[in-house]
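> Required output: the full structure, derived from the provided sequences and hints.
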Amino acid sequence: MMKVFLGKFDARVLHSAHAREITFSDLSGREDVWLDFLADGGDGFDSTYTISRLLAQPHLSVEVPNDRALRAQARDALVSADGVARPRIATEVDELVPLSRKTIRSLPSFDSVRDDSPVSVKGRDVVFHGGDVAYPSPSNEEYVSRFIRPLEWALPRINSEDNVKDSVEQPQMFIIPGNHDWHDGLETFLHWIVYNQKVAGWKLPQKHSYFAVKLSHGWWVWGLDLGLSYDLDRPQYEYFCALLETGKVEADDRVVVLTHRPNWVFDPAVAEVSIFPLVCELRSLQRTGYTLNVLLEKIGEPRLAMRLAGDLHHYTRYMPGNGSNGPPLVTSGGAGAFLHPTHYPPKDFLNAANMASRLGEQSRDGNAHAAAGVGLDLPQYISKASGIG
511 MMKVFLGKFD
521 ARVLHSAHAR
531 EITFSDLSGR
541 EDVWLDFLAD
551 GGDGFDSTYT
561 ISRLLAQPHL
571 SVEVPNDRAL
581 RAQARDALVS
591 ADGVARPRIA
601 TEVDELVPLS
611 RKTIRSLPSF
621 DSVRDDSPVS
631 VKGRDVVFHG
641 GDVAYPSPSN
651 EEYVSRFIRP
661 LEWALPRINS
671 EDNVKDSVEQ
681 PQMFIIPGNH
691 DWHDGLETFL
701 HWIVYNQKVA
711 GWKLPQKHSY
721 FAVKLSHGWW
731 VWGLDLGLSY
741 DLDRPQYEYF
751 CALLETGKVE
761 ADDRVVVLTH
771 RPNWVFDPAV
781 AEVSIFPLVC
791 ELRSLQRTGY
801 TLNVLLEKIG
811 EPRLAMRLAG
821 DLHHYTRYMP
831 GNGSNGPPLV
841 TSGGAGAFLH
851 PTHYPPKDFL
861 NAANMASRLG
871 EQSRDGNAHA
881 AAGVGLDLPQ
891 YISKASGIG
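Taking this note's numbering, the leading residue of the sequence shown gets 511, the next gets one more, and so forth.
In case anyone wonders, no lab produced these hints; they're calculated from the structure. Keep in mind it's a predicted model, so treat the numbers as computed, not measured. Worth double-checking, as some hints may not be accurate.
Listed below are the simulated SDA-like cross-link pairs for lysine to any residue, each with C-alpha atoms no more than 25 angstroms apart in a straight line [claimed, not checked]:
| id | residue 1 | residue 2 |
| --- | --- | --- |
| 1 | K758 | G728 |
| 2 | K758 | E748 |
| 3 | K632 | H727 |
| 4 | K632 | I658 |
| 5 | K717 | F534 |
| 6 | K717 | S655 |
| 7 | K717 | I668 |
| 8 | K708 | L545 |
| 9 | K717 | T756 |
| 10 | K808 | P830 |
| 11 | K724 | G539 |
| 12 | K708 | T533 |
| 13 | K758 | W729 |
| 14 | K632 | P681 |
| 15 | K708 | G810 |
| 16 | K708 | D542 |
| 17 | K808 | Y740 |
| 18 | K758 | L714 |
| 19 | K717 | P830 |
| 20 | K717 | D536 |
| 21 | K713 | P830 |
| 22 | K713 | D536 |
| 23 | K724 | P838 |
| 24 | K717 | P838 |
Now the structure itself:
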């Protein structure tokens, strides 16, 4: 009966009723904090352990191509405009080489990096998880075998009283639930993540299925739980608004917003297609959610520094174009689950003739007429892809 009840009632509202105090994790006392992000793991032990082992390392050696190789690769790749291929011009090449050795050497502690040597980066301070901890559905058995145990093998829990210093300096992990974590009404996620203080060798400081973390130099990371409605519940919305209205987040601070679903990918695909449930399980024409949009507007530009999500099992990054000051939009869902392709559905996928033809083959109930005149136009703010992906 409890599962039936949870299926009809939003667990976020029920849990928020027990804690009304506006608290957040404050890491601003540290001069520098090394962060990492992952999402969509738990598809199997081996893949999850591989990623967990990388996260557990105190340092990682990363190969970065030299500047000349990066520029040559970007210059040689042709771009197409109106069906005519041409080489990239110098300014376009510069936009596609954001992570070069010259850039790395401009950062603190990396000024001595040579062109022929790997880059050693620090790890393990704080990890943010974008949800979908275990597939295909949450249960104690799935969480243990597909998430908890791989983490324990990669970074065991510290129990000895002789390691008090190590315990204080343990890395921290903050996790928002994904749609697969919500399949049981968030019961397993609350049990293993929110009500626990540790998982393997990681601290779990969060008190809700959402969180706010204050970093040094005026930076914040907000993890939002959009549930299965792809929107914020009222107590969660009020929690984040209170951080803004009470001055805890100042006007010149910067906020990175984490959500499980990258709505900037899904919204354009379904904005005008009333028959898209046959393809994408459409719940509403605006999948983002009204309340989430209001919160993002309250954060505002330039305070909204980046949006980061998982759900799609790949890496893509969209940068603002046409002089826009919008935030970078990053999807990074490669924590160990199966992979998704990175290409966006082509425009002709949703044109009137193709849609009517496919629907005619699948169903003769008259729904095909709804596709008439439908096309897919990407909004300008995501129409310019930059970088890898």
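> If a hint holds in the structure, say so; if it does not, say that too.
So, going through the hints one by one against the coordinates:
no. : hint        : verdict
1   : K758 - G728 : 10 angstroms, holds
2   : K758 - E748 : 14 angstroms, holds
3   : K632 - H727 : 19 angstroms, holds
4   : K632 - I658 : 24 angstroms, holds
5   : K717 - F534 : 9 angstroms, holds
6   : K717 - S655 : 24 angstroms, holds
7   : K717 - I668 : 21 angstroms, holds
8   : K708 - L545 : 18 angstroms, holds
9   : K717 - T756 : 20 angstroms, holds
10  : K808 - P830 : 19 angstroms, holds
11  : K724 - G539 : 9 angstroms, holds
12  : K708 - T533 : 19 angstroms, holds
13  : K758 - W729 : 11 angstroms, holds
14  : K632 - P681 : 12 angstroms, holds
15  : K708 - G810 : 34 angstroms, violated
16  : K708 - D542 : 23 angstroms, holds
17  : K808 - Y740 : 18 angstroms, holds
18  : K758 - L714 : 22 angstroms, holds
19  : K717 - P830 : 34 angstroms, violated
20  : K717 - D536 : 14 angstroms, holds
21  : K713 - P830 : 35 angstroms, violated
22  : K713 - D536 : 14 angstroms, holds
23  : K724 - P838 : 20 angstroms, holds
24  : K717 - P838 : 28 angstroms, violated
Checked against the numbered hints given earlier, the structure breaks hints 15, 19, 21 and 24 and satisfies all the rest.
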